[in-house]
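Participant: Each chain is listed here by its residues.
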Amino acid sequence: MEFRYLPMTESDKQMMLETIGVESTDALFADIPDDVRFKGELNLKKPANESALMKELTRMAGKNANLKEYSSFLGAGVYDHFIPSVVDHVISRSEFYTAYTPYQPEISQGELQAIFEFQTMICELTGMEVANSSMYDGGTALAEGVTLSTGQTKRSKVIVSKTVHPESRAVIHTYAKGQNLEIVEIDADKGITDLNQLEKEMDENTASVVIQYPNFFGQIEPLDKVNDIVRQQKKTMFIVSSNPLALGYLTPPGDFGADIVVGDTQVFGIPAQFGGPHCGYFATTDKLKRKVPGRLVGQTTDEDGERGFVLTLQAREQHIRRDKATSNICSNQALNALASSVAMSSIGKHGLRKMAVLNMQKARYAKQQLEASGFPAVFSGPFFNELVIKLPENVASINDKLLESGIIGGYDLGQSYPEWAYHMLVAVTENRTKEEIDTFVKELGDIHG
Amino acid sequence: MVNTDFPLIFERGKKGRTSYSLPELDVPEIDLASEFEDSYVRSEAPDLPEVSELDIMRHYTALSRRNYGVDSGFYPLGSCTMKYNPKINEDVAKLAGFSHIHPHQDPKTVQGAMEIMYDLQTSLSEITGMHDFSLQSAAGAQGEWSGLMMIRAFHEANGDYDRTRVIVPDSAHGTNPASVSVAGFDAVTVKTNDNGLVDLEDLKRVVNQETAALMLTNPNTLGLFETEIMEMAEIVHGEGGKLYYDGANLNAIMGYARPGDMGFDVVHLNLHKTFTGPHGGGGPGSGPVGVTEEFASYLPKPVLTKQDDQFIFDYDRPASIGRIKPYYGNFGIYLRAYTYIRTMGAEGLKKVSEYAVLNANYLMRRLEQEYSLPYQQHCKHEFVLSGKKQKQLGVRTLDIAKRLLDYGYHPPTIYFPLNVEEAMMTEPTETESKETLDGFIDAMLQISEEAKSEPELVQEAPHNTVVKRMDETTAARKPILRYQK
Numbered sequence: 150m151e152f153r154y155l156p157m158t159e160s161d162k163q164m165m166l167e168t169i170g171v172e173s174t175d176a177l178f179a180d181i182p183d184d185v186r187f188k189g190e191l192n193l194k195k196p197a198n199e200s201a202l203m204k205e206l207t208r209m210a211g212k213n214a215n216l217k218e219y220s221s222f223l224g225a226g227v228y229d230h231f232i233p234s235v236v237d238h239v240i241s242r243s244e245f246y247t248a249y250t251p252y253q254p255e256i257s258q259g260e261l262q263a264i265f266e267f268q269t270m271i272c273e274l275t276g277m278e279v280a281n282s283s284m285y286d287g288g289t290a291l292a293e294g295v296t297l298s299t300g301q302t303k304r305s306k307v308i309v310s311k312t313v314h315p316e317s318r319a320v321i322h323t324y325a326k327g328q329n330l331e332i333v334e335i336d337a338d339k340g341i342t343d344l345n346q347l348e349k350e351m352d353e354n355t356a357s358v359v360i361q362y363p364n365f366f367g368q369i370e371p372l373d374k375v376n377d378i379v380r381q382q383k384k385t386m387f388i389v390s391s392n393p394l395a396l397g398y399l400t401p402p403g404d405f406g407a408d409i410v411v412g413d414t415q416v417f418g419i420p421a422q423f424g425g426p427h428c429g430y431f432a433t434t435d436k437l438k439r440k441v442p443g444r445l446v447g448q449t450t451d452e453d454g455e456r457g458f459v460l461t462l463q464a465r466e467q468h469i470r471r472d473k474a475t476s477n478i479c480s481n482q483a484l485n486a487l488a489s490s491v492a493m494s495s496i497g498k499h500g501l502r503k504m505a506v507l508n509m510q511k512a513r514y515a516k517q518q519l520e521a522s523g524f525p526a527v528f529s530g531p532f533f534n535e536l537v538i539k540l541p542e543n544v545a546s547i548n549d550k551l552l553e554s555g556i557i558g559g560y561d562l563g564q565s566y567p568e569w570a571y572h573m574l575v576a577v578t579e580n581r582t583k584e585e586i587d588t589f590v591k592e593l594g595d596i597h598g
Numbered sequence: 004m005v006n007t008d009f010p011l012i013f014e015r016g017k018k019g020r021t022s023y024s025l026p027e028l029d030v031p032e033i034d035l036a037s038e039f040e041d042s043y044v045r046s047e048a049p050d051l052p053e054v055s056e057l058d059i060m061r062h063y064t065a066l067s068r069r070n071y072g073v074d075s076g077f078y079p080l081g082s083c084t085m086k087y088n089p090k091i092n093e094d095v096a097k098l099a100g101f102s103h104i105h106p107h108q109d110p111k112t113v114q115g116a117m118e119i120m121y122d123l124q125t126s127l128s129e130i131t132g133m134h135d136f137s138l139q140s141a142a143g144a145q146g147e148w149s150g151l152m153m154i155r156a157f158h159e160a161n162g163d164y165d166r167t168r169v170i171v172p173d174s175a176h177g178t179n180p181a182s183v184s185v186a187g188f189d190a191v192t193v194k195t196n197d198n199g200l201v202d203l204e205d206l207k208r209v210v211n212q213e214t215a216a217l218m219l220t221n222p223n224t225l226g227l228f229e230t231e232i233m234e235m236a237e238i239v240h241g242e243g244g245k246l247y248y249d250g251a252n253l254n255a256i257m258g259y260a261r262p263g264d265m266g267f268d269v270v271h272l273n274l275h276k277t278f279t280g281p282h283g284g285g286g287p288g289s290g291p292v293g294v295t296e297e298f299a300s301y302l303p304k305p306v307l308t309k310q311d312d313q314f315i316f317d318y319d320r321p322a323s324i325g326r327i328k329p330y331y332g333n334f335g336i337y338l339r340a341y342t343y344i345r346t347m348g349a350e351g352l353k354k355v356s357e358y359a360v361l362n363a364n365y366l367m368r369r370l371e372q373e374y375s376l377p378y379q380q381h382c383k384h385e386f387v388l389s390g391k392k393q394k395q396l397g398v399r400t401l402d403i404a405k406r407l408l409d410y411g412y413h414p415p416t417i418y419f420p421l422n423v424e425e426a427m428m429t430e431p432t433e434t435e436s437k438e439t440l441d442g443f444i445d446a447m448l449q450i451s452e453e454a455k456s457e458p459e460l461v462q463e464a465p466h467n468t469v470v471k472r473m474d475e476t477t478a479a480r481k482p483i484l485r486y487q488k
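Chains F and S are the protein sequences, given in the same order. Note that the first sequence covers residues 150 to 598 in this note's numbering. Note that the second sequence covers residues 4 to 488 in this note's numbering.
Careful: at least some of the hints might be erroneous.
Unchecked claim - DMTMM-like, lysine to aspartate or glutamate: derived pairs with alpha carbons at most 25 Å apart:
| # | chain 1 | residue 1 | chain 2 | residue 2 |
| --- | --- | --- | --- | --- |
| 1 | F | K539 | F | D336 |
| 2 | F | K516 | F | D338 |
| 3 | F | K473 | S | D165 |
| 4 | F | K212 | F | E585 |
| 5 | F | K583 | S | D29 |
| 6 | F | K326 | S | D319 |
| 7 | F | K194 | S | D122 |
| 8 | F | K194 | S | D312 |
| 9 | S | K111 | S | D317 |
| 10 | S | K17 | S | D50 |
| 11 | F | K195 | S | E350 |
| 12 | F | K212 | S | D317 |
| 13 | S | K488 | S | E475 |
| 14 | S | K481 | F | E455 |
| 15 | S | K111 | F | E542 |
| 16 | F | K306 | F | D343 |
| 17 | F | K438 | S | D50 |
| 18 | F | K217 | S | E118 |
| 19 | S | K97 | F | E218 |
| 20 | S | K488 | F | D404 |
| 21 | S | K481 | F | E452 |
| 22 | F | K374 | F | D338 |
| 23 | S | K111 | F | E205 |
| 24 | F | K503 | S | E47 |
Don't read these hints as lab results, they were simulated from the structure.
Okay, chain F solo, but in the shape it has when bound (with noise of 0.2 Å):
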């Protein structure tokens, strides 16, 4: 059997052999004792070649129902948003995409110079001063954050509200459980964080405050109040996880005194995909710099005074620190980031604005329609693109119905809810028409009867 990918000849495995001094490539692996050595054929599938291999996936592919052939109203922290062409032309260039992490930065300058942009347009975004090159994701970035904060104030208590993505506070409980760290949870009221809830867990021992905004449910938390509550504390830090394309219309968390913004910049270039890979960003404050998780590019000059690019801050990260370091990441979503980037520059500063508010104006026509239908928004505060409302029946049972007329339908809260059974959780992005809107409402009312 040929293998496309190993292009050694007979001949040229024999003249190698002889250079290395053994008779086959099985003395080469006589080191291995023969009480672990495996001595069967692995049972794995037999090799396919690759147009049977491309039919069969591309059948595989056809099995799913996809958010191009349906109309999406699921959000829940993934969208469904317009990618600019451009955006899959740059990262399809093998320069970027079979690069490793630009260690070397003689031959590395290209993707160095594109994560500084990245970093910068992040620190635009959100109204901070540092951001790094990007984490796994917008969950576990927010646990990072929360691992900075603890080991900042060197204190053990973290307060989440309820109303920051569910996935996201399972992954924090996760870390926390490694760092014996105590998460409070905070009730919603009305869809927002319970202030006064808030107020009364703030301790001397509170590390860090950690909001939502848009929150999952889609409303804006009041950063202002929960800021002047987080000061209360001195040291307490206040971490805010945000859907950067809200920022595009919404005061940045950084205008309201937040020490970290994360978030996940999923919605500038990057498709769903299933939930991964997406890109998580980390932004801070200038004084913290020496605190970020992860890689940093620095500008600095070459030998000859040339502007040029470097990772810098290295002595943060495990490969110099060990197990002193301030995370142990060492792979990133690099080629992630590269497409938010193109995404972000190609939607450009004017673009950024008017997209946000297409998804806002759509959904504010979703809900119109919806309450028009008898489907009134649960929640009355101002909003982003997502809004919670009741149905008659469970929502899987909808959802199935809706599948039927191609309609993809939201989140059924009730999964991590369980108090908001019979919820939905409805996302309109720009992508949605405003026929595909009435057709939904349409169905729900339909279904409703």
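Model the placement of chain S on the given structure of chain F, informed by the hints.
Facilitator: Just chain S now, kept in the frame of chain F:
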């Protein structure tokens, strides 16, 4: 004066220029501002680029030309397994039925995706000899941490709260001790002996009732197979500790040996190394974790299983360490790994390891003529040279690495592992031809000659790259981490 020959994206374009094409506003427009307090409406637009679509393509094309990937040339970066990234993988990952599916869709609408994940779990279990796999970890380091969290949960479930220490070899990758810390353990180092293997006597000395686990790569970071692995397993298991396998080096032994047969309890793999998920300039990766039956109940949740004919996500896992990542991990990377495994099959994967080891040994034997080789036995998929002979001539390993750039090669990993002086860790991978290896050997031998005859040529390298050596000291002392007008 800033050189603008290679402008930043912010220095391109012009005020007022755009390249977006957004869907139209096809619903009646309403007044948004009345809904918000003024202080919540952004007063100043973020300073994103103002460029045309062509500006964007020119910019990123120029950047790509200032970058170096496996498709550009030979990339023998030790421990990173920089093998060829097959193109069919990329095509598969772009199919709309895979790239445009939402993680919260009803599982019955994504059975094709789930079947691939299930098959991949099964294949990885077979390749490693483990009982079960969770794909969720985003990268190797996250795999290490989640594996250690499982070991912690296991000990705690047995009421064993005093097992606070994890042993790592002195040659271990930095993520190992870092992950140990994040999981709430203390790292303890075990020494390497004169043969480049874990020192069994030292292991016996550091193992005790506080040992939670030993973390190991096999072959190890020096590219050498830990021949006494069964004895090590006995020592650690004998004291109640567990064995963790860092799969960074699995490319050396596929079809020849399996961590599950060596006594390892928990393993992680790097799909972006062994299984051709591209490195992407630093990520995304994927670091699935495999376990023995004893550990299956601790796997991160949700666990993907099969019930009758349907694939489901099982959340009812009371002993699970919990969720480690939103959704189900880096699915896009699973597709690439799965496509690769299906392309190669058992026969192909064994050949992969055969040729990875053949290439490394050939390179090692040719280069030991001029470079010091601290460990003499056959290597596996990689080997570590020492530049100490050249250092005596005033030429350091860093200089050799920079000189290789002039010859058009990505250098080996340098100054790692830490226990070899002036280390050059070299991993050619199986996808390189003999001609490529010979070209690299010629360059390395030439550099060795230059070190003797014209050391400044090497010391001052690189000469042909788009920039020269960077002032990293100033970069760290006065960090400039973002563009400012």
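Participant: For this structure, which hints from the list above don't hold up?
Facilitator: Failing hints: none at all.
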